[in-house]
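Below, each chain spelled out in residue letters.
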Amino acid sequence: MMELDEALEVLAATRGEHIVMTTMSSVGAWPKFSDTPRDFAYLPSSMGQVVPLGLGLALAQQGLSVIVLSGDGSLLMNLGCLVTLACHSVPVRVLLLNNGLYEVTGGQAVAGASRTNYAGIARASGMDRVYSFTSKADWQRNAEECLSGPGPVFVELQIRGKLGEATPSAPRGMAEQIARLQSTWQHHAE
Amino acid sequence: MIASDAIAEAFQATGFTHIVWIPDSHLGTWDAALTARYANRLLRVSREGEAIALAAGLMIGQAQPLVVIQCTGFFEAGDALRNVIYDLKLPLKFLIGVRNGRNYAAGTSKDSSARFTKPIVEAWQLPYAEFDPFEQTEAAMRDAVQTLAATPTASALLWVE
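Protein sequence lines correspond, in order, to chains G and A.
Per this note's numbering, the very first residue in the first sequence carries number 1; after that it's consecutive.
Per this note's numbering, the very first residue in the second sequence carries number 1001; after that it's consecutive.
Hints in this document: simulated from the structure, not taken from any laboratory.
Predicted model only: the values in this text are computed from it and were never measured.
By construction, the Cβ of each residue, glycine as well, lies at the ideal position given by its N, Cα and C atoms.
Every clue listed holds true.
A few chain G residues that don't get close to chain A, going by computed Cβ distances all over 12 angstroms:
hint	residue
1	Asp5
2	Ala29
3	Gly106
4	Asn117
5	Gly120
6	Arg141
7	Glu144
8	Ser148
9	Pro150
The calculated SDA-like cross-link candidates involving lysine to any residue, where the alpha carbons are at most 20 angstroms apart (straight line), are:
hint	chain 1	residue 1	chain 2	residue 2
10	A	Lys1118	A	His1026
11	A	Lys1089	G	Pro44
12	A	Lys1089	G	Pro171
13	A	Lys1089	G	Ser183
14	A	Lys1089	G	Pro37
15	A	Lys1089	G	Gln182
16	A	Lys1089	G	Ser169
17	A	Lys1118	A	Glu1076
18	A	Lys1089	G	Met174
19	A	Lys1089	G	Ala179
20	A	Lys1089	G	Ala170
21	A	Lys1089	G	Gln177
22	A	Lys1089	G	Ile178
23	G	Lys136	G	Gly16
24	A	Lys1089	G	Ala175
25	A	Lys1089	G	Glu176
26	A	Lys1089	G	Arg172
27	A	Lys1089	G	Arg180
28	G	Lys162	G	Ser135
29	A	Lys1089	G	Gly173
Model the full assembly from the supplied sequences, consistent with the hints where possible.
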């Protein structure tokens, strides 16, 4: 198991020019590592929808590489999105932060906590590049490989859950976030 | 009935860049025509809430998608719709197939899905128009699709089945 901050620290050191889309717990934790126009906090959100949101962005703006951070509770609400994602050769990388908990609601266990094989589900959904890491050291050793090469990619990171965490809030309003994100490719097009 | 290619052509001519859909037995007859015109921009998803989120990502990426789903899936997709329209404030467009809509209106169907379609669309405060492909013309269909695309807010075309 690794701490959420350890997982994000490795991501921050490796993400390069990728767009990073956070949701739920990661919205609160990510800004201390990065808060640029390439960081999109999907909050307020609809649980389970960050993966299709990232896929849509990558399909619309070809050339953009997108990392989506999802919790296991969120992914459980929309497992079919992995099947959809697997149908597309797009640079979308799903980082599953698996802590077995609905952390933002106080830490209740999700269905199948510590039993569900998410990497297996991703493979069975048709994804070829699937990884699972339980320690920061393993994640650090393999992060560059996970975040390079063709997509889609699924990476499960086993995270130590925390109880009593404050409900996260987005660093800025949604309209501003969308405008900031769009400025990243509009700037490149000029 | 209006030819499926005319419908696909209307979508394309109106400027919808992607069709995100889950077909039903009526909408599904458009599959070949949509595939011919949209190829890999006809996006097949697993659930209707996912269709809405995928379309939202496309819109953030400055594409102009149309979500094509049946009313039953629309019912399921409420939270995704709420988030995309009212939190992300994206003017997403829907074509919603009203299952057994004609028979329900004629009093010959007990399918409850038609009964609840308009009340639920109205509950989400989603502006809508209705189109009956069994009664209305191809020209009227083109107008309805153009009006849908030109509406500045999120809106829906209820397609009677």
